[in-house]
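*Asks:* Note that the protein sequences, when read in sequence, are chains E and D.
Read in order, the letters of the first sequence correspond to residues 1 to 336 in this note's numbering.
Read in order, the letters of the second sequence correspond to residues 1001 to 1336 in this note's numbering.
Derived from the structure by calculation, the hints contain no laboratory data.
Treat the hints with caution; some may be incorrect.
For the chain D half of the interface with chain E, some residues (derived, Cβ under 8 Å), not all of them [claimed, not checked]:
#1 S1061
#2 F1207
#3 V1210
#4 D1215
#5 V1219
#6 G1259
#7 K1262
#8 I1266
Ideal Cβ placement from N, Cα and C applies to all residues, glycine included.
If you want the building blocks of each chain, they are given just below.
2 protein chains.
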Amino acid sequence: MGKITIKDVAAMAGVSVGTVSMTLNNSPKISEATKKNVMEIVEKLGYRRDPYARSFSLSSSRSIGFIAPGFVNPFFGEVAEALQATVEEKNNSLMFGISNDSAKQEAKLIDQFLDRGVDGLIIIPAEDVHPDLTQIKRLLSESFPMVFLTSYYKELPYHTVMADLASGSYELTRSFISAGLKNIIIITGSPDLIPFSERIYGFRRAFDEVGLPFDESRVIISDGMSYEGGYAAIDRIFDERKPDGILAINDMMAMGVIGRLKSKGIRIPEDVSVAGFDDISIASIQETPLTTVAQPIRPMCMAAVEKLFDMIAGKDVPAAVEKLPVRVQHRNSSRM
Amino acid sequence: MGKITIKDVAAMAGVSVGTVSMTLNNSPKISEATKKNVMEIVEKLGYRRDPYARSFSLSSSRSIGFIAPGFVNPFFGEVAEALQATVEEKNNSLMFGISNDSAKQEAKLIDQFLDRGVDGLIIIPAEDVHPDLTQIKRLLSESFPMVFLTSYYKELPYHTVMADLASGSYELTRSFISAGLKNIIIITGSPDLIPFSERIYGFRRAFDEVGLPFDESRVIISDGMSYEGGYAAIDRIFDERKPDGILAINDMMAMGVIGRLKSKGIRIPEDVSVAGFDDISIASIQETPLTTVAQPIRPMCMAAVEKLFDMIAGKDVPAAVEKLPVRVQHRNSSRM
DNA sequence: AACCTCCATTGAACCGTTTCAATCATGATT
DNA sequence: AATCATGATTGAAACGGTTCAATGGAGGTT
């Protein structure tokens, strides 16, 4: 028994193939009576349109590609979840790839996605200090629909939706200063990368506006923006630096910082205030609930998808970095 | 300027479209000289095969669908990551959907995936007590390639790759008994669901084999297999039940259990031993590192993908539940 | 020189939709 | 009764690959 095609339906319903097709697409040109008749046959035969033929005809796969650095940091899992829900509402599918923060891997994934015919791409840029962006640049020059999420590549401030982390960082730092903390530091990755430079910028601005001297030594460059990274950073700098306020670049790292401080017998927040960024769901349920800057995940995903679909629809979307407001979430890991 | 098609390449190379196609597919029937010539033109024109036409011709999208309950529990994020890597090695893409533990949503996602023409499905069953499985049953009867991962639906013990959680549970319980714990309980979801019944089974067997009486009150049925769920369960049963050993059904819940116990001033593991399941990456980096049963995520994903591709290739894969060995990971949350 | 083999290449059928100009049917208008 | 307008339906082209039977050509054998 062969596959049931639109022809079989047409034959059995006594209409042309075109009529069946238009019925399935709910075209207003087909009379209700005919539609009803055709749909009955469709039902009876259990007919289902061939997705390959359909994509071929339409030149669209109604699917988009999503690239994230990975799911070790649950923040990205939460983004993936929100993104999937948003894309699904538009009756599209989401394919995903994991870059492991390597721009090279990212390029490979993009290539794969293009070979699969995705209609557009949503990319969380890899935190890669020396990214090779030739491929992305080529796609941008061809105006292939592509939106950067949560950050962007410094050279390419196009079509981006992210959180206003600079403001979040600023506000958080101000609150640390107001709480009377004197020796505040930030533990971050390379300032060459947007996710870090934004946070550093806000951090610095807080001192400037309060009129406090800013010393570069407040900025601790570390690598490994993970629990282990935070743990190791404390080992390396705490005894010498003796901070009473620590901003870690994300919640996972902040948790590592707290873990190491506690194991050294330091009290939080009495001795040291700690805060992170992202507000991942475990941040609030730690033994010491974490003060953090909450990224508006849902709104960001919705805005990114909106932007992407506008581009796919051929609208002329101006290249812009859209920064959504954040919320500073005070919890027990910092003094007020 | 129109799209560059295989015809353009053929014309410029002075060969037929068939030759170009076979060259691109690296057919041994084409001479090396011709291939080289054709590839040069391909390069020059920047030609790229149309993925839609290709899928259409081949009746394959080289993509598979993956359904997970969500990423709130990072365990699923880790599975997704491993799965993606495995699928990518096979030059296929992974689409994903999130069921939120609703079989209804799962069915909807499956439908969507079928409409997109995925070659197969990998499903982490929803923890839904009254699932409507008609659609899945239909697909199974059509022998559509489909593999269940980490668990299966009780009525449908087909094509499954999971961890041997019963053994893990057994071993863990034995170690609790050996450590001299007297009042051991397990906090679990509905025993109607495989992920829970497996763990309960192993738990029970440990008592049986040691010759200890087993009392049903050792099994605490709870809902919400999350941090909050664990927290709430302790609130509800601890004072009355006074356990000295607690198995939580997964690591997130175990963390909730620990969180609540500590806030009550109970010492872990001195007063109470706690263990979880999954060995998610944060389990080891908690303030009190968690004793847990590690699921072999990578091997499970590899086995599942292998199975699925065999099915897609038309091989006759016997329906079977494959259980991979687990490893009990002892850490500080339990006495030895 | 005629015949045979073998390998490389060709060319056309095929896949299952969508789309749209052309046709047909119906009822209204003169 | 002839003409027109409107709306429903048809039929065939188009999409861009893959595949394979048929063809062509070069080299070897008799």
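*Asks:* The structure should be examined with respect to each hint, and the outcome stated for every one.
*Replies:* Tested hints:
Below 8 Å, beta-carbon pairs count as interface contacts, and S1061/D has one with chain E at about 7 Å; its hint therefore holds. Against a cut-off of 8 Å between C-beta atoms, the interface hint on F1207/D is violated, since the closest Cβ of chain E lies about 32 Å away. Among the interface hints, the one on V1210/D is violated; its C-beta lies about 34 Å from the nearest C-beta in chain E, farther than the 8 Å criterion. Annotation: D1215/D was flagged as interfacial toward chain E, and the flag is violated, the nearest CB pair being 31 Å apart, outside 8 Å.
A least Cβ separation of about 25 Å between V1219/D and chain E goes past the 8 Å threshold, and the interface hint is therefore violated. The criterion of a C-beta within 8 Å of any C-beta in chain E is met by G1259/D, whose closest approach is roughly 6 Å, and the hint holds. At its closest, the beta carbon of K1262/D sits 6 Å from a beta carbon of chain E; the interface hint therefore holds under the 8 Å criterion. The closest approach between the C-beta of I1266/D and any C-beta of chain E is roughly 13 Å, which is over the 8 Å cut-off, so the hint fails.
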